[in-house]
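Undergrad: Chain by chain, the residues:
2 protein chains.
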Amino acid sequence: MAEFTVNPWEVSGAIDYDKLIKDFGTKKIDGQLRQRLSDDAGEMHHMLRRGYFFSHRDLDLALDDYEKKKGFFLYTGRGPSGPMHIGHLIPLVFTKWMQERFGANLYIEVTDDEKFLVKQNMKWEDTQKYSYENILDMIAVGLDAKKTFIFKDSEYVKNVYPLLLKVAKKTTFSTAKAVFGFTDSSNIGIIFYPAYQVVPTFFENKRCVIPAAIDQDPYWRIQRDVAEGLGFYKTAAVHSRFLPPLTGVEGKMSSSAADTAIWLTDDEKTVKNKINKYAFSGGRISVEEHRKLGGNPDIDVSYQWLSIFFEPDDAKLKKIHDDYEGGKMLTGELKQILIEKINNFLAAHSEKREKARELVDEFMYEGELAKQMWKKQF
Amino acid sequence: MAEFTVNPWEVSGAIDYDKLIKDFGTKKIDGQLRQRLSDDAGEMHHMLRRGYFFSHRDLDLALDDYEKKKGFFLYTGRGPSGPMHIGHLIPLVFTKWMQERFGANLYIEVTDDEKFLVKQNMKWEDTQKYSYENILDMIAVGLDAKKTFIFKDSEYVKNVYPLLLKVAKKTTFSTAKAVFGFTDSSNIGIIFYPAYQVVPTFFENKRCVIPAAIDQDPYWRIQRDVAEGLGFYKTAAVHSRFLPPLTGVEGKMSSSAADTAIWLTDDEKTVKNKINKYAFSGGRISVEEHRKLGGNPDIDVSYQWLSIFFEPDDAKLKKIHDDYEGGKMLTGELKQILIEKINNFLAAHSEKREKARELVDEFMYEGELAKQMWKKQF
Chain A
750 MAEFTVNPWE VSGAIDYDKL IKDFGTKKID GQLRQRLSDD AGEMHHMLRR
800 GYFFSHRDLD LALDDYEKKK GFFLYTGRGP SGPMHIGHLI PLVFTKWMQE
850 RFGANLYIEV TDDEKFLVKQ NMKWEDTQKY SYENILDMIA VGLDAKKTFI
900 FKDSEYVKNV YPLLLKVAKK TTFSTAKAVF GFTDSSNIGI IFYPAYQVVP
950 TFFENKRCVI PAAIDQDPYW RIQRDVAEGL GFYKTAAVHS RFLPPLTGVE
1000 GKMSSSAADT AIWLTDDEKT VKNKINKYAF SGGRISVEEH RKLGGNPDID
1050 VSYQWLSIFF EPDDAKLKKI HDDYEGGKML TGELKQILIE KINNFLAAHS
1100 EKREKARELV DEFMYEGELA KQMWKKQF
Chain B
750 MAEFTVNPWE VSGAIDYDKL IKDFGTKKID GQLRQRLSDD AGEMHHMLRR
800 GYFFSHRDLD LALDDYEKKK GFFLYTGRGP SGPMHIGHLI PLVFTKWMQE
850 RFGANLYIEV TDDEKFLVKQ NMKWEDTQKY SYENILDMIA VGLDAKKTFI
900 FKDSEYVKNV YPLLLKVAKK TTFSTAKAVF GFTDSSNIGI IFYPAYQVVP
950 TFFENKRCVI PAAIDQDPYW RIQRDVAEGL GFYKTAAVHS RFLPPLTGVE
1000 GKMSSSAADT AIWLTDDEKT VKNKINKYAF SGGRISVEEH RKLGGNPDID
1050 VSYQWLSIFF EPDDAKLKKI HDDYEGGKML TGELKQILIE KINNFLAAHS
1100 EKREKARELV DEFMYEGELA KQMWKKQF
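Chains as they are written, first to last, in the working numbering: chain A, 750 to 1127; chain B, 750 to 1127.
Hints listed in this document are in silico derivations from the structure and should not be mistaken for laboratory results.
A few of these clues could be false.
In this list, chains with the same sequence are indistinguishable; a pair is considered to hold if it fits within one copy or across any two.
[Claimed, not checked] Cross-link-like lysine to aspartate or glutamate pairs, in silico, EDC-like; alpha carbons within 16 Å at most: (1) K1125 - E904; (2) K1065 - E1017; (3) K1120 - D1072; (4) K1120 - E953; (5) K1124 - E904; (6) K919 - D933.
Assemble the whole structure, with the sequences as input and the hints as a guide.
TA: In structure tokens, the structure reads:
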């Protein structure tokens, strides 16, 4: 029996996503719901079509609200503990699509407090530097400045403090311990933090939809425990699978294994070297054997990355799949396709990232939604 | 052997203050230190002369700093969970004297967050109402608007959040549990709160002096644990004894026993009735016996209140003492003296309290110190 572990601190092993749905008590995005979401959106995103986003909570209710013209809003976050890699960006690309297609407001919480509190050697100044850097990366995804509010916890705290206290008052240490794994030696700041993670789900009197990888789901248990008692909606969520690390299709891309991730600032040569050196291959031991028996796309990380993100075109993806499986395409050729895709993506990203410097104020303070939010007291 | 309990949640029994000093590890304010404090102040306050403020931490170092012209600052707080009684005001009267005599800045933390978090049925709106009411009472004591900053935790949080996190990061749940008695069912807000109580002790690059009843001392253990690691001074403190409740010299006046406290809004008749009905008497069972054997001022609450607060004149107090002890003064007469003193005090307080309405902005936002503080980011 294959063993795997998925919780907010660890993702490892060969993940059985159907079992996860059962264990976590979420629901599968079935064919009907996927079609409904796509009909409402006006198109089907390839991350849905290919089952990358595969599980949900209350997405059907959020769509009810949308269809009744009440609408919903989106919420995601970023812990600014360092630079960002491709794995951080992918859920945001889907979030951007949701924003665009549903005209939904999006709130992005930059958890400078959390990262300072959990990382023993992280200085406050570091969290501030990374906050800025990460915000550039997020803006570069192409979010709508009028409908997006990006805020740092440390800056927005005054506006939300009473609501933060209301959430905290309803959350016991036992509950927080069960969800976050706190112990007696946890610091009292990080014990409080879960309350701040809940607050943005109450920013509007609508249902909140959180697009995130499924390992993040337990974090929202507290939200779903306290929401209705405080007069708000339980949050909805759409859950993705994990972007595998370069080294194999098990687990997920992680910041702590730098070489197995592609960073948004990696240059062309670095990308090429990393993919060639580390990307786990589903190919055969020799060209001869590969030509004869073909490769295995299911365990080939390069193919998986193309499928999840870098090749949205189904026909092209299918051709790659079949050529590789049929032995017509060699691992080196497959890797070359991915290298080009990644480098094109990063070049475009880098350009948009530079332009983002001038947009930071709009997303954080001066844009339409940001301005409204700075006037609110929760 | 007499038994007593003193901790931040309970004060009961006949308190052995010398034993408390040993148990808490504080130091006695001896004759020499009392004289030095008074010399520096230019006069001896009767609360010092009569030993009401009797214990300290690092007061000698604060006086060193004062004598070297570096100076120190004062800090106290108020939890806005209801109206205030006489027992709440007395430490503040001493604090005002310290401010005046040492030209020290004073910071008053109004812990609206704490009270909301600990009182199960308290609504946020209540803490805001009581905050305002309590601030009026505190201003009425006669604090210096140029040198005092009164702030609500919920309002000032943005200015202190990073420092709050730094304190929290250095405080484990074990430590907070030991000091505050938290359990697994404590809410995660109140577990975080101790960090906020520490922060004002770091408002200036000087030593902080906290005047408070000695039961509050344990709260500062966290401060003294983390201060130097963060580049600040360990706080100093001066500790008072307890103002006894009307019903007897043991324990302390408490908000939870309304009839045994004198509230700042009690009218003349209420004061008269309460003192006559509840004030524990050191007198004899009959007038005849009292005349013959005399009363016992040591256990007479009316006398104790005069001594602690309401009769600053030593000669007058001595005469009352001797007359009562000698049987010349009856309990009714002694009570009458106290009733008049309290009613005069409350009448004057009430007048100053009305005038305070126009001073709130100055103490909180517009005064010299307040303005400086709103510009600071910790």
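Undergrad: Take the hints in turn and mark each one as holding or not.
TA: Taking the hints in turn, this is what the structure says about them:
Taking identical chains as interchangeable, the C-alpha atoms of K1125 and E904 lie at most 16 Å apart whether they share a chain (14 Å) or sit on different chains (14 Å). Proximity of K1065 to E1017 under the C-alpha cut-off of 16 Å is found in neither arrangement, the shortest distances being 23 Å within a copy and 90 Å between copies. In this homomeric assembly, K1120 and D1072 never come within 16 Å of each other (Cα to Cα): the closest approach is 52 Å inside a single copy and 71 Å across copies. Proximity of K1120 and E953 under a CA criterion of 16 Å is satisfied intra-copy only: 15 Å inside one chain copy versus 34 Å between copies.
Taking the shortest Cα distances, K1124 and E904 sit within 16 Å of each other both inside one copy (13 Å) and across copies (14 Å). When the C-alpha separation of K919 and D933 is checked against a cutoff of 16 Å, the pair qualifies only between copies, where the shortest distance is 13 Å, while the shortest distance within a copy is 20 Å.
Of the hints listed earlier, those the structure fails to meet are numbers 2, 3, in rising order.
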